[in-house]
Amino acid sequence: MNYTVLMPPTPDNQPYFASSGASTSKPDDHPLPPYGPNVKRRGGGGGGEDGSTSGAKMERMMSVMNSTKSMLLRSQTGDFDHNRWLFETKGTYGIGNAFWPQDNGNFAEEGDGVCMTDFLDKPWKPLTRKVRIPAGILSPYRLLMVVRLVALVFFVAWRVSNPNEDAMWLWGLSIVCELWFVFSWILDQLPKLNPINRATDLAALQEKFETPSPSNPHGRSDLPGIDVFISTADPEKEPPLVTANTILSILATEYPVEKIFVYISDDGAALLTFEAMAEASSFAQVWVPFCRKHNIEPRNPDSYFALKGDPTKNKKRPDFVRDRRWIKREYDEFKVRINGLPDVISRRAKSLNNREQKKEVNLARERGEPVDTVKFVKATWMADCTHWPGTWAVPSKDHSKGDHAGILQVMIKIPDHDPVYGNPGDHQFIDFTGIDMRLPMFAYVSREKRPGYDHNKKAGAMNALVRASAILSNGPFILNFDCDHYIYNCMAIREGMCFMMDRGGDRICYIQFPQRFEGIDPSDRYANHNTVFFDGNMRALDGLQGPMYVGTGCLFRRYALYGFDPPRAHEYTGLYGQHKQPMRKVTAHDGENAQGSPYMNPDLELPRKFGNSTMLIESIAVAEYQGRPLADHPGVKNGRPPGALLVPRPPLDAPTVAEAVSVISCWYEDKTEWGTRIGWIYGSVTEDVVTGYRMHNRGWRSVYCITKRDAFRGTAPINLTDRLHQVLRWATGSVEIFFSRNNAFCASRRLKFLQRVAYLNVGIYPFTSVFLVAYCFLPALSLFSGKFIVQGLDVTFLSYLLIISITLTLLSLLEVKWSGIALEELWRNEQFWVIGGTSAHLAAVFQGLLKVIAGIEISFTLTSKSANEDEDDIYADLYLIKWTSLFIPPLTIIVVNIAAIVVGLSRTIYSEIPQWGKLFGGLFFSFWVLAHMYPFAKGLMGRRGRLPTIVYVWSGLVAITCSLLWIAIDPPSDTAISGGNIAV
Numbered sequence: 002m003n004y005t006v007l008m009p010p011t012p013d014n015q016p017y018f019a020s021s022g023a024s025t026s027k028p029d030d031h032p033l034p035p036y037g038p039n040v041k042r043r044g045g046g047g048g049g050e051d052g053s054t055s056g057a058k059m060e061r062m063m064s065v066m067n068s069t070k071s072m073l074l075r076s077q078t079g080d081f082d083h084n085r086w087l088f089e090t091k092g093t094y095g096i097g098n099a100f101w102p103q104d105n106g107n108f109a110e111e112g113d114g115v116c117m118t119d120f121l122d123k124p125w126k127p128l129t130r131k132v133r134i135p136a137g138i139l140s141p142y143r144l145l146m147v148v149r150l151v152a153l154v155f156f157v158a159w160r161v162s163n164p165n166e167d168a169m170w171l172w173g174l175s176i177v178c179e180l181w182f183v184f185s186w187i188l189d190q191l192p193k194l195n196p197i198n199r200a201t202d203l204a205a206l207q208e209k210f211e212t213p214s215p216s217n218p219h220g221r222s223d224l225p226g227i228d229v230f231i232s233t234a235d236p237e238k239e240p241p242l243v244t245a246n247t248i249l250s251i252l253a254t255e256y257p258v259e260k261i262f263v264y265i266s267d268d269g270a271a272l273l274t275f276e277a278m279a280e281a282s283s284f285a286q287v288w289v290p291f292c293r294k295h296n297i298e299p300r301n302p303d304s305y306f307a308l309k310g311d312p313t314k315n316k317k318r319p320d321f322v323r324d325r326r327w328i329k330r331e332y333d334e335f336k337v338r339i340n341g342l343p344d345v346i347s348r349r350a351k352s353l354n355n356r357e358q359k360k361e362v363n364l365a366r367e368r369g370e371p372v373d374t375v376k377f378v379k380a381t382w383m384a385d386c387t388h389w390p391g392t393w394a395v396p397s398k399d400h401s402k403g404d405h406a407g408i409l410q411v412m413i414k415i416p417d418h419d420p421v422y423g424n425p426g427d428h429q430f431i432d433f434t435g436i437d438m439r440l441p442m443f444a445y446v447s448r449e450k451r452p453g454y455d456h457n458k459k460a461g462a463m464n465a466l467v468r469a470s471a472i473l474s475n476g477p478f479i480l481n482f483d484c485d486h487y488i489y490n491c492m493a494i495r496e497g498m499c500f501m502m503d504r505g506g507d508r509i510c511y512i513q514f515p516q517r518f519e520g521i522d523p524s525d526r527y528a529n530h531n532t533v534f535f536d537g538n539m540r541a542l543d544g545l546q547g548p549m550y551v552g553t554g555c556l557f558r559r560y561a562l563y564g565f566d567p568p569r570a571h572e573y574t575g576l577y578g579q580h581k582q583p584m585r586k587v588t589a590h591d592g593e594n595a596q597g598s599p600y601m602n603p604d605l606e607l608p609r610k611f612g613n614s615t616m617l618i619e620s621i622a623v624a625e626y627q628g629r630p631l632a633d634h635p636g637v638k639n640g641r642p643p644g645a646l647l648v649p650r651p652p653l654d655a656p657t658v659a660e661a662v663s664v665i666s667c668w669y670e671d672k673t674e675w676g677t678r679i680g681w682i683y684g685s686v687t688e689d690v691v692t693g694y695r696m697h698n699r700g701w702r703s704v705y706c707i708t709k710r711d712a713f714r715g716t717a718p719i720n721l722t723d724r725l726h727q728v729l730r731w732a733t734g735s736v737e738i739f740f741s742r743n744n745a746f747c748a749s750r751r752l753k754f755l756q757r758v759a760y761l762n763v764g765i766y767p768f769t770s771v772f773l774v775a776y777c778f779l780p781a782l783s784l785f786s787g788k789f790i791v792q793g794l795d796v797t798f799l800s801y802l803l804i805i806s807i808t809l810t811l812l813s814l815l816e817v818k819w820s821g822i823a824l825e826e827l828w829r830n831e832q833f834w835v836i837g838g839t840s841a842h843l844a845a846v847f848q849g850l851l852k853v854i855a856g857i858e859i860s861f862t863l864t865s866k867s868a869n870e871d872e873d874d875i876y877a878d879l880y881l882i883k884w885t886s887l888f889i890p891p892l893t894i895i896v897v898n899i900a901a902i903v904v905g906l907s908r909t910i911y912s913e914i915p916q917w918g919k920l921f922g923g924l925f926f927s928f929w930v931l932a933h934m935y936p937f938a939k940g941l942m943g944r945r946g947r948l949p950t951i952v953y954v955w956s957g958l959v960a961i962t963c964s965l966l967w968i969a970i971d972p973p974s975d976t977a978i979s980g981g982n983i984a985v
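If you're matching positions, the sequence shown starts at 2 in this note's numbering and goes up one per residue.
Any given hint could turn out to be false.
Unchecked claim - DSS-like mimics (lysine-lysine), calculated; alpha carbons at most 30 Å apart, straight line:
(1) LYS709 x LYS131
(2) LYS402 x LYS359
(3) LYS351 x LYS329
(4) LYS317 x LYS294
(5) LYS883 x LYS939
(6) LYS126 x LYS709
What the hints assert, rightly or not - Cβ pair distances, simulated, as ranges:
(7) VAL362 x PHE306: 48 to 56 Å
(8) LEU576 x GLY644: 18 to 26 Å
(9) LEU881 x GLY403: 26 to 34 Å
(10) ARG326 x PHE377: 48 to 56 Å
These are computed hints drawn from the structure, not numbers from a lab. For each residue, glycine too, the CB sits at the ideal point set by N, CA and C.
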């Protein structure tokens with residue numbers, strides 16, 4: 002049976018023939034289209050020889066059409082296939098990167114030199130892009146901010162114009178607190194007007210810097226070098242095993258091996274840390290190739306082996322299970338060696354000290370001296386039976402924490418420039434065939450310390466690393482970590498490099514990554530994750546001039562850290578910085594006359610005093626040049642040519658290492674600008690915020706890099722006492738900033754207005770604690786006195802309260818939308834803001850004032866980063882109660898408010914004329930205070946929900962004191978007692 006479908010002829014499926022050119026034409030055929038081989042290219046003549054040539058071409062084309070018509074008939078209908086005719090005759094395809102005819106299709110003349118290869122070069126791609134917050138979220142968010150601000154202004158105006166004549170003292174106190182809260186809310190909310198997200202293109206980064214090209218024929222990495230800094234100070238509070246795992250995650254990261262250099266600063270100069278790093282270097286020889294072979298994540302061995310789930314997921318190599326089992330045994334033995342180092346070092350020292358003591362005794366006997374007069378110093382010994390040049394277990398001269406020599410030990414040398422691949426049989430248990438076996442350079446550094454010198458804590462240690470690394474490796478970028486923060490995403494450094502190497506990246510001073518934490522209790526009782534700050538405030542600052550520097554997980558541009566100006570920046574003038582103009586270039590002459598100039602800001606002076614190291618000074622220009630993006634686009638204004646960083650790095654020699662040791666001496670910073678204009682800035686316990694502020698003040702920009710997979714992870718204290726002490730240190734640093742030249746009021750014109758507001762809020766927020774403590778006592782005072790902050794709960798007051806509450810709720814919901822914060826996290830943050838504000842922030846204000854007025858220096862203990870030893874309960878520290886004086890203010894607030902609720906209820910119930918409105922007002926605000934204090938009370942109860950005895954003592958004492966004080970202030974009126982009833 003024939004199923005052929007006959008299609009009627011239509012103009013769409015018929016050939017375009019001229020009515021007079023062929024015998025097969027039909028009367029209703031359309032004319033030839035004005036394109037194809039019958040039309041000469043633009044610019045050609047229309048007559049003469051060209052015209053005859055065109056006619057000849059047309060005749061040949063028509064003959065081809067007639068001869069091949071049978072081949073071009075449709076198989077079903079027998080009609081002419083017009084689409085195939087277009088392809089065969091190349092009538093409308095033309096030229097381009099989709100199709101290029103072999104004979105140029107009459108588009109190219111002889112000698113034009115145009116061919117298909119001209120289209121093979123891929124177009125320029127940006128490495129990053131901004132992802133705007135949807136207008137459906139951001140526009141209502143901004144509108145609600147304005148509505149709430151207007152409502153707050155009208156509410157405060159109404160409160161001021163309607164005093165409570167019955168309790169002016171209560172009304173006045175509440176007005177002052179509310180005015181400050183409005184001001185504080187404005188400072189916190191204004192920088193959130195323009196939050197943004199960012200995305201990176203890792204494929205474009207690899208294509209641009211690691212793909213063969215005319216400037217890079219072998220496809221070597223053209224990425225700049227990176228110096229990675231890890232800081233530690235006390236092996237007792239910062240366990241060496243934690244630090245070693247951090248080192249291993251960095252050594253195994255996905256970045257060119259010859260371009261990454263790792264340094265650890267041991268500010269305690271402990272032999273335990275030194276030997277733990279030596280053990281880590283040895284274990285890295287098998288751990289790093291294992292990570293590369295099987296592409297595992299994370300590359301911190303402790304975190305990797307603690308992962309729950311199927312480890313074989315997405316693993317394709319058949320020997321993965323065998324390799325993992327072997328490396329797990331090796332890591333367990335590695336942990337045993339690390340944890341056993343204290344005992345090994347102690348036994349070694351005891352043995353060698355006894356040997357030396359016997360020698361001294363024998364020498365004394367030979368000289369005829371009394372044995373009792375022999376003085377012997379108990380030293381700490383290295384494994385090669387030599388004295389450890391750092392801190393000894395029994396401190397002595399030249400060997401204590403504040404008095405020891407500088408130490409620099411390169412534990413892993415600079416790797417070969419070419420990959421070194423493993424061969425079959427190189428390793429007894431794991432086959433590393435085809436795996437790059439090289440390791441990044443790794444050096445141990447402990448700066449020199451001597452009595453009489455101010456070593457400036459962590460900031461001084463970081464500056465010592467900056468100088469030493471400038472001599473040894475001079476990476477144009479610096480990535481710093483705390484010892485407990487490790488690389489969780491092995492591609493994180495590449496994502497940060499996308500911003501630095503993109504167009505306009507030469508204006509970026511640092512890339513700040515969010516801090517993520519492990520080991521936090523599931524409920525996050527004390528807001529340890531701090532997601533409101535990291536996902537809310539910091540993301541919003543990214544839409545301004547950039548996020549603040551928060552101490553760890555930050556990728557710096559070395560040239561910016563040296564205190565130089567960006568290549569391009571703007572100055573903002575006007576009431577709120579509405580006028581923008583290019584910055585004025587600062588010259589050496591301007592720096593000399595900065596004090597007398599009304600324009601010049603002291604922070605804008607160019608750095609000049611780097612010290613007396615010629616090698617260090619010469620490395621500055623090299624680091625600046627190598628940190629430039631590629632000049633592969635007209636929009637790149639300050640770039641370097643491709644292939645400039647392909648030259649192999651020379652190996653280290655003795656003079657270079659000796660120079661690096663000299664720049665970490667304790668006297669090197671004398672008569673220099675280190676710590677004042679260069680490097681990490683001294684003078685505050687929060688040196689990180691000050692350092693970032695100085696860079697922004699010079700016109701640099703920063704970027705917030707949030708990766709899909711967490712870039713880095715660390716630990717945070719989950720114990721209430723440790724958490725409050727941590728917040729106390731941050732708040733004290735903010736008070737120091739407020740009373741210093743780093744106050745945002747003194748900023749230059751290069752700092753944007755809203756960025757200035759954000760930095761101003763950093764210095765002001767601890768002072769909110771004074772008003773917060775007073776406001777937390779207001780409900781109790783209201784219940785004790787039977788008065789309220791307003792004359793009565795009228796409709797106007799309740800309406801304002803409702804509008805303010807609704808707008809705050811809607812703002813929170815929209816903030817959750819654009820920041821990704823959970824509502825529970827928002828509530829936990831609000832609770833801990835009240836707990837910290839009434840305890841740590843209040844103490845910080847007093848400590849800061851004491852330092853400013855009386856010159857009393859503030860010292861803080863190092864936050865413990867040791868892991869919990871209770872394997873049965875990993876959150877055991879959460880229930881540990883360590884009493885501190887910071888508990889007194891919030892505990893007093895809780896006790897007073899509970900006592901006030903009892904007094905208020907009793908007075909109202911037994912009153913002849915009960916004033917329920919004032920009672921409900923006081924009860925509402927008292928419950929508001931107690932709800933925010935709930936995590937604090939729960940922390941005091943411990944694991945079993947029992948309050949410590951000290952809490953009962955304090956409660957009774959405070960309750961009795963408040964009762965006696967209130968009776969003295971407001972003595973009771975005459976009472977008539979009859980029939981067992983008390984009539985007031």
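>> LYS402 and LYS359 were given as a pair; does the straight-line alpha-carbon distance stay at or below 30 Å?
In response: holds, 28 Å
>> Just to be sure I understand the hint, the distance between the Cβ atoms of ARG326 and PHE377 should be within 48 to 56 Å; is that true here?
In response: Holds, at about 50 Å.
> At the C-beta level, are VAL362 and PHE306 separated by a distance inside 48 to 56 Å?
Replying inline: holds, 50 Å
> Are the Cα positions of LYS883 and LYS939 separated by 30 Å at most?
Replying inline: holds, 14 Å
>> Check whether the Cα positions of LYS317 and LYS294 lie no farther apart than 30 Å.
In response: Satisfied, since the Cα-Cα distance of roughly 11 Å is no more than 30 Å.
>> Just to be careful, I want the Cα atoms of LYS351 and LYS329 compared with a cutoff of 30 Å; is the pair within it?
In response: violated, 33 Å
> Holds or violated: 26 to 34 Å for the Cβ distance of LEU881 and GLY403?
Replying inline: holds, 31 Å
>> Does the beta carbon distance between LEU576 and GLY644 stay inside 18 to 26 Å, or does it fall outside?
In response: Cβ of LEU576 to Cβ of GLY644: about 49 Å, so the range 18 to 26 Å is violated.
>> With the threshold set at 30 Å, check whether the alpha-carbon distance from LYS126 to LYS709 stays at or below it.
In response: holds, 21 Å
> For the pair supplied as a hint, LYS709 and LYS131, is the alpha-carbon distance within the 30 Å limit?
Replying inline: holds, 15 Å
Violation of the numbered hints given earlier is confined to hints 3 and 8; the remaining hints are satisfied by the structure.
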